Each structure stands twice: as C-alpha cells, then as structure tokens.
Amino acid sequence: MTLPQAPNPLGTPLLQNGIIYGTTYGDGTDPTPYGTIFTYKP
Amino acid sequence: MKLFWIRIGKLGALVGGFVAPVAALASGLTTIYTFTGGADGAYPYAGLTAGPGGTFFGATAGGGANAGGVIFQLSPPAKGQTAWTDTPLYPFTGAADGFFPSGNLVLDTSGVLYGTTAFVGLFNGTCLVSGTDYGCGTVFELVPPAKGQTNWTLTTLYAFTGAADGSSPFGGVALGSTSGALYVFSTGNYTCGSSVQPVCPLAGGVN
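If you read the protein sequences in the order shown, they are chains A and B.
Per my numbering, the very first residue in the first sequence carries number 1; after that it's consecutive.
Per my numbering, the very first residue in the second sequence carries number 1; after that it's consecutive.
Chain B extracted, bound-state conformation (with noise of 0.2 angstroms):
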C-alpha cells in the first residue's frame, strides 16, 4: 500500500508524489478497526464520513445481518480506553433497498445520511450479471432515532432502471449546498431526463 500525493503547483501543473513506500509509512499507520465479516460487516469499499463527536460514517459493501452490505458508525475510544467501537446502523436486505452500498455517504446539517447502492432496488430483468437480475442500484437516505428510539430508518430516494436513467451507482452522491438536490454518477447509457430529476448525472460540475 502506498499514499500518494498530489496539489496544483505553478502555472497550473499538477505535482505529486509517493509520500512514503509502504515500509516508512508503517510507522505513522494504525488499524483502528477489522471487519470480522459478521454483523459489522465486510469490504468497506467506501472511503470515511466526519460525523458528530469524532464519530466517522461508512459502508461496507458486503456482510451484514443481511449479507446486502451495512452502514455503520465508528465512535472513538472512551477515554482511558483504545478501542474504537463499530455500530452497525443498518444492514440491507438485498432487495428493494439495495445491496452493495459502495460509495462515500453524505451527512446533511440535520444529521441525516445519503448514499447508494451499486445494485438491487428494482428486479426488473435489465441489470443482469451473468444472467442473474442483480438490480440497477439505488440513491438512498438513513435517518437518524428520534428521541428515545434507536433504528435509523433507510428511504429508498430512487431505483435506477437500467434505461435512460443508466444502472449501478457505485459512486455515492454529491449534496447540492444550497438546492438539497442529489447528484449521482450512473453508469450505462444515460441522460438526465426530467423524470429522474433531482437525481441525475452531475452535468458541468456545478450544481
């Protein structure tokens, strides 16, 4: 494993570079936390979401109560203590929720979180693999307990078709800051028509 680097330098060249081989980064590397490929979870395909607390957000792709892939959070050690604590926040099914959520979340200011999921969510024959309806992935929201409650609760925002809509958002979502809209990168043939708005492929890069 290597990290690498990269910034803007003059006239607009980008510079970059290996931080560091992976034998030097040893030193400044800590696992915090193993997937045991149970309830919390495996292949955390995603990156890291900064939550309230020093508390991190994430996915995993596969794993779960379910097998669909979870979403969890990752709370840090108690003071005195060393252990980060895993929680899973919500295990899918596999099914109309999705399966496979593989992209960076998005938490919004009211501590509601966005995502998708490469697969599942409409089993209407176009998204195949080998044969298989794996599902043409879904734009998602989890919303956090009320008081006194402990579920978050998933919406499914939207179910990709496979049509002009394309297929398996494996992405994540972007939040537009002032709109509330929801920008995802499908894949497959698509366009942005009117009937998938607000989620649509990012056009132009600005929302």
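Okay, chain A solo, but in the shape it has when bound (with noise of 0.2 angstroms):
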C-alpha cells in the first residue's frame, strides 16, 4: 500500500461504509501513468 501520488481524479466518488472510493486517470508520467484505485476515510 503506497500514498497516492496520481493525478486526475476524473471519476464520480462512491461512499460506501463509510469510505471514499475513487479513481485517478494517471497521465502517462510516473509513479502511476495509468490510473489508480483509491480510498478516503474521512
């Protein structure tokens, strides 16, 4: 499990249980060019 360091979190979140569930796009560059899965805990 690392911190994100993605860019771009283009998605719709989605709270569930308590928890933020998102989506970063990535843009091509490092450390994460293709998109990650997230969560938030408020």
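Everything labelled a hint here was simulated from the structure, so no lab data went into it.
Since the structure is predicted, the reported quantities are computational estimates derived from the model, not experimental observations.
For every residue, glycine included, the Cβ atom is placed at its ideal position computed from N, Cα and C.
Below, a sample of chain A positions facing chain B; criterion: calculated Cβ distance under 8 angstroms:
(1) 10
(2) 14
(3) 16
Now that you have both chains on their own, put them together as the hints suggest.
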C-alpha cells in the first residue's frame, strides 16, 4: 500500500460504508501513469 | 488532489468546501490498486460501482487485451491479506463493441452491468476525430457468466449515428427504477426521437 501520487481524480466518488472510493486517471507519467483506485476514510 | 464536499444548506443555498488540502488528506488516503496498462487496462476515467460481496465494478478507458478499454471487477483482500484483486471482465476490441468506456457503470438487480463507450460502434463516417472515423459511441450491457461458465457476454444495445441521436456518450447511463429504460446523455445536436427510444437524452430529470 502506498499513498496516491497520481493526478486527475476524474471519476465520481463512491461512498460505501463510511469510506470514499475513487479513481485517478493517471497522466502517462510516473509513478502511476495508468491510473489508480484509492480509498479515503474521513 | 483535493476532495470537496457540498450540501444543501438553509434556504436551499449550496454550501461547500475542501475537506482538506492534499497534505492533510494523505493520512487517510490509501491506493488499493495501481493499473499496469496491460490486460488490466489503463486510465480509469469513471468512478466505481458497488458490487456483491464488497467488490466494485469499473471501467478503464484504454488499455486491456485489445487496447480498447476494459470492464473490470475489483475484489477485496482475502482474510489475512492486504492486496485487492483486479479481474478484467471484458476487453473492448475498438470495433463494433465500442472503444473508450468512460462513464460509470450501472448494476441492475440481476447482476447485469450497463454502460457506454464514447467511440466506435458504427463506422459511418459521421464522427470524425482529425479526419479519422472513431464511430459515435455505444450503449452496452454486460451479462455475467452462466453457472459453470466464466465469460461475461457483452451486447451492444445501441450504436449512436451522430445524427439526431447525437454521439459520444461519455457519461454512462441511468437505469429507470421501474421501467427498466436506460437514459443517456449524448453530445452533439440531438433530439430524443422515437427511433432511439428508450435510449435517449434524459429530459426533465424524471423517468
């Protein structure tokens, strides 16, 4: 598990059981050129 | 990256603000999956859709076995494990089945997924990008495998023509709660004609 460094969280956030799930599109550059899925717990 | 909240306040006013700047957010953020750009796809333009058993469905706009984008399912870690598992369900070919699934998926009560691709479907010379025919996009359903099977089955429900029905439905679909109709925003100069019912632009916000 690493902290997200990817830009461009374009997708709609999904709140599920108190956790926000999201995606980052990625921008073709390191460290996550192809995008990610992340969680955020407020 | 920042996370913004918004709600309806007193007298109907919209109230909002940033949850926290990225430095403060970092403590609560966890990357649970990083796309490789291979068979798992690349560039998840859309958000996630909750599935059964703590899983999530989603789409990558590009990548996959055919480089046309992928519909995937993300499964939570097994007990005692930490890694989430990405399973590609359907790799788009970039032809009649579509290319660039960019919108959120919708899951109905029978386990069928619905979504859109922004491009391809019909190569009719109408939807051109820099002179190249990219097609005008599609609406699709993806049916889970029958018992004992493993392959999901994609059916194109509608292929936009770029005429009165519009083109390039980037935003996914809304599923009518009682009628089963699908509602889609397409771009371009469209009208909701009878020839494209029930797939048509959402009118008035009510199904």
